[in-house]
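Heads up: the protein sequence lines correspond to chains A and B, in order. Start counting the first sequence at -1; every next residue gets the next number (my numbering). Start counting the second sequence at -1; every next residue gets the next number (my numbering).
Hints are supplied without guarantee of correctness; some may be wrong.
Copies of the same chain are indistinguishable here, so a pair counts whether it falls within one copy or spans any two.
Stated by the list, open to error - Straight-line Cα separation of at most 25 Å, DSS-like style, residue types lysine-lysine; simulated pairs:
| no. | residue 1 | residue 2 |
| --- | --- | --- |
| 1 | K45 | K97 |
| 2 | K208 | K226 |
| 3 | K97 | K208 |
| 4 | K134 | K208 |
| 5 | K163 | K97 |
| 6 | K226 | K163 |
| 7 | K163 | K129 |
| 8 | K1 | K44 |
Source of the hints: derived by calculation from the structure; they are not laboratory data.
There are 2 protein chains.
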Amino acid sequence: MIKISEIFGPVIQGEGMHIGVPTVFVRSGGCDYRCSWCDTMYAVDKKFAGEWRSLTNDQVLAEIYHCSPRPILVTLSGGNPALYDFADIISELHEHRYKVTIETQGSVPRSWFRLLDTMTISPKPPSSGMKTDFLKLSECMDGLPPMHIALKIVVADDADYDYAKHVADMFPAVRCFLQVCNPNPTSNGDLARDLLGRLVWLCDRVLQDKWFTATVLPQLHVLMYGNKRGI
Amino acid sequence: MIKISEIFGPVIQGEGMHIGVPTVFVRSGGCDYRCSWCDTMYAVDKKFAGEWRSLTNDQVLAEIYHCSPRPILVTLSGGNPALYDFADIISELHEHRYKVTIETQGSVPRSWFRLLDTMTISPKPPSSGMKTDFLKLSECMDGLPPMHIALKIVVADDADYDYAKHVADMFPAVRCFLQVCNPNPTSNGDLARDLLGRLVWLCDRVLQDKWFTATVLPQLHVLMYGNKRGI
């Protein structure tokens, strides 16, 4: 059984290595982290656990196929989807020509990660309030070729930037995506101006620093829709 | 000799397959097309030819190295850079561990395209007022593996969308990027709201159509800076 916060899509992935690509999201409930700026607390905090559903693999698959009867990229996210066993779901999706990727902080290595088509590991910088276990982070990447892995690091300030640089230096064969922080994920206002200003800052920082292997991106879905859920 | 409109950077590539990546732009002067919404008319229209400089390969290289003494992605753009011979420049850049990509409409196939690391072919949809020569377009892609090629098609309206779908169907092994049209490229106002609205429309269109191999992107540099030049 997998605790599911929500399964929705197709939507356009707004961030990271698959930015702009249609996908179905499978968001599991529960997380070993509590990031200060978490934008999916409804899939993290136990006080929302009453909204989560315990589904069998077949039920999860049925909801994915309902979202998209046609093969599409499926994104396992959370919470931390590494808390569950998605091995059989991934294998079944592959048989039907779906692709599967994951978004996880890299705190819980799982042998089924090697079944994934691609993987985004998003270690959390100092502004999150979390500490990174770099041994576990490294183990998470063991099963896939570096070209199929992306690091994605939220950068809210200079300390986060230094952290991102440090992590990227540890894994030079893996592409590193720097993502503008969305500091008020419960706000419903028009955030575009604030986020684009932060994007300018982050681009300038990377260019001044001559960090030419970084990729700097905003969250397109937040620019388009604000902090709405299910998009 | 190559007619150069501008060489600038490092900046962050705002669009297409290298979105978010630091790059130096080499913009040649002159174009075989006259797209209605061209956003670099100063590198296209002969009335700006007085601003273009005729540079030797060594002079072009010197300006690239001045922009970035450290290896970086170099983007050949225009105008149409296919009007010139960049073979020796690419080879020299590779010796110094720079990568080289191109942005061209695919109207002029060149044997030196096979030297490129990646290639963006941007055939122009009906709203541009141009006609596509699909034989030439196809020849442009001959020298590189499909994974290193991207189609990038501006979509202003339904006719453009249908055109993009048609082109993508012709080259199923090549990733197709759909790009929101910037309809008033000489405006200096805040375009973000208009462009994000167009992005919502284009995402909806792709999702309703279940075109799951498309990638939908805005121009990040226009969102950040408006229609400024040299960014």
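We went through each hint and held it up to the structure:
no., hint, verdict
1, K45 to K97, "neither (32 Å within a copy, 50 Å between copies)"
2, K208 to K226, "between (35 Å within a copy, 22 Å between copies)"
3, K97 to K208, "between (34 Å within a copy, 15 Å between copies)"
4, K134 to K208, "neither (29 Å within a copy, 38 Å between copies)"
5, K163 to K97, "between (30 Å within a copy, 22 Å between copies)"
6, K226 to K163, "neither (31 Å within a copy, 30 Å between copies)"
7, K163 to K129, "within (16 Å within a copy, 46 Å between copies)"
8, K1 to K44, "within (12 Å within a copy, 63 Å between copies)"
Of the numbered hints stated above, those contradicted by the structure are hints 1, 4, 6, listed in ascending order.
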